[in-house]
Amino acid sequence: MQTTDVPHLLSALIRHATQRPDEVALVDSSTGHSVWTWGELARMVNATANILQTRLPWTDASKRLTYRCTNHPNDVVLSLACIAAGVTEIPIDAFLPATQQDALIHRSKALHWEHETHARSISSNNLTNAISDLEASAHEVDLHSASLVLWTSGTTSEPRGVMLSQHNLTTNATAKLLAVPQEDSDLRLSLLSIAHAYARTSDMGTWLLSGCRYSLGRGRSTLRSLPVRLSPTLINAVPVLIDDILNRIESGQTKLQSLRLIGCGGVAMSSQQFERCQRNNIGVIQGYGCTETSPVICSASPDNATPNRVGPLVVGWESKVEDKRLFVRGPGVMLGYLDDQAATQQKMSPDGWLDTGDLVEIHDDGQFQILGRADDVIVLDNGFKVFPATIERQLLQLQGIEQAVLLHHQGQLWLLLSRDPSQATADDQTGRDSVESCLAEGLPPGTDVKRLELSEPLSIETGELTAKRTPRRPIIRQRRLSSPPDSRPNHSRDP
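Numbering (numbering that gives the first Met the number 0), first residue to last: 0 to 494.
It is possible that part of the hints are untrue.
What the hints assert, rightly or not - For each label pair, taking beta carbons as the anchor points, the in silico distance ranges come out as:
1) Asn125 / Gln422: 53 to 61 Å
2) Asn381 / Val227: 57 to 65 Å
3) Val227 / Asn303: 51 to 59 Å
4) Asn125 / Asn246: 45 to 53 Å
5) Gln277 / Phe94: 29 to 37 Å
6) Asp183 / Asn279: 24 to 32 Å
7) Asp242 / His362: 23 to 31 Å
Said to hold, decoys possible - Capping the alpha-carbon separation at 20 Å, the derived lysine to aspartate or glutamate pairs in EDC-like fashion look like this:
8) Lys449 / Glu460
9) Lys384 / Glu452
10) Lys108 / Glu139
11) Lys384 / Glu435
12) Lys323 / Asp374
13) Lys346 / Glu317
14) Lys346 / Asp363
15) Lys319 / Asp363
16) Lys323 / Asp364
17) Lys319 / Asp380
18) Lys449 / Asp432
19) Lys108 / Asp183
20) Lys346 / Glu157
21) Lys384 / Glu440
22) Lys319 / Glu274
23) Lys384 / Asp374
24) Lys254 / Asp27
25) Lys323 / Asp354
Hints were generated in silico from the structure; no laboratory data involved. Beta carbons: idealized from backbone N, C-alpha and C, even for Gly.
Required output: the full structure, derived from the provided sequences and hints.
Below, the structure is given as structure tokens:
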């Protein structure tokens, strides 16, 4: 039962609670038991909205609210309650380093919500009254004002707060659902934070529209402890988690045998992972987007999935490409950056075109291939353009390579590698090691690349990786390459 004709996500909740109040909406990822039915969820949302409206000390018209998002069902309740109460929700990923969380909370200039503080105050009334209250609130929702602020991961600059409306979010989730239909019999397991755009739309948004069951978890810890009775059919993930999923399936774990579709976003899936999914009869959905576009711009469908491509544009988008750089326009384009009009004007043109900052190639079948970030392109002295992300993806397919980042620093190319000490990369037939062979395929002959073997892997905790584990190159360059050679904790050598 797909609900693709509602004006906003609160209306989707109301429809399910009215038509199927006793069917399961949320499932506990640690036990596999129901958390709330659709009717119970509506009652919790209404009760929480009442607290937001009557008990918080609002002092200005903006009504912004931050909270630390742990991917708990209470986060979903608060999100929907914010829509009902006319509050701008600003979730902060609780798995970021504490200092980064505090900085984002401070920059949000909002009231802060602690779930524990308000838990005892939430007392829900009967379903009929709850639905009546929510319907009244739904009529007051301003579709085109800021409903949600999501902080970018800060891949190339400091994180920015992206303001999204219910029109942005609902049209984008609808477009994703049209590309990848799901049924109310599906069970969607969320492993990524709903404080970020990918999970917020492709997990939470499509769940609300489709009316399937939804279970919130987080990363490897959830995969390690999946209960027998929780058998997800749909999972969105990043490549490092996809490896874990495939390893568990191939080892015979029955808890993941029901999985029919894996969605991959944030970072490109390798061809090897794509082929492993196919061997295990799992469909692969690769997609592309950015926080500023709600986020889905492109998505494959079950019948057109192709390795190394992210599908065609989803419904609603138009695009243009200038010197391989992608610009898009459509209903998913953000309202702007929070409290930063100058950055907004730099990102968006007056007639609505948004500069994604990504370099693409569009194939004859309409599918897009992402080449990398325009800001990351390295131009060598001979004019040759190097796309680091392309080379890094190839390196990560080598056995034993866990992390690979190619940087340009003070006129020199550097390759930073983190290896699995239990595995060794094989030499090719010419006697060169496989890393050197991989570099030779993507660089002009004779290009000098220094290698830095990392004894300390890149991590989210050090600020070198984003929450989706993509490299934050300026920070890596400053932390790993800016110190004097004899003071670096790692070992470097030429290939």
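Mind checking the alpha carbons of Lys319 and Asp363 for me, to see if they're no more than 20 Å apart?
holds, 15 Å
Outcome of range test on Cβ distance (Gln277, Phe94; 29 to 37 Å):
For Gln277 and Phe94 the Cβ distance comes to about 31 Å; the hint holds.
Against the range 57 to 65 Å, how does the distance between the Cβ atoms of Asn381 and Val227 compare: consistent or not?
holds, 59 Å
Need the status of pair Lys319, Asp380: alpha-carbon distance at most 20 Å?
With a Cα-Cα distance of about 30 Å, the restraint between Lys319 and Asp380 is violated, given a limit of 20 Å.
Verify the proposed pairing of Lys384 with Glu435, using a straight-line Cα cut of 20 Å.
Satisfied, since the Cα-Cα distance of roughly 19 Å is no more than 20 Å.
Given the hint that Lys346 pairs with Glu317, test it: the Cα-Cα distance must not exceed 20 Å.
holds, 17 Å
Pair hint Lys323 and Asp364, alpha-carbon separation not exceeding 20 Å:
Holds, at about 17 Å.
When you check the alpha-carbon spacing of Lys384 and Glu440, does it fall within 20 Å?
Distance of about 14 Å is within 20 Å: holds.
Keeping to a limit of 20 Å between CA atoms, is the pair of Lys384 and Asp374 held or broken?
holds, 12 Å
Hinted pair, alpha-carbon criterion (20 Å max): Lys108, Glu139. Please report holds or violated.
With Cα atoms ~24 Å apart, Lys108 and Glu139 exceed 20 Å; violated.
Taking only the CA atoms, is the gap from Lys449 to Glu460 under or equal to 20 Å?
violated, 26 Å
Is the straight-line distance between the alpha-carbon of Lys384 and that of Glu452 20 Å or less?
Distance ~25 Å between Lys384 and Glu452 Cα, so the pair is violated.
Hint compliance for this structure: hints 3, 8, 9, 10, 14, 17, 19 and 22 are not met, and every other hint is.
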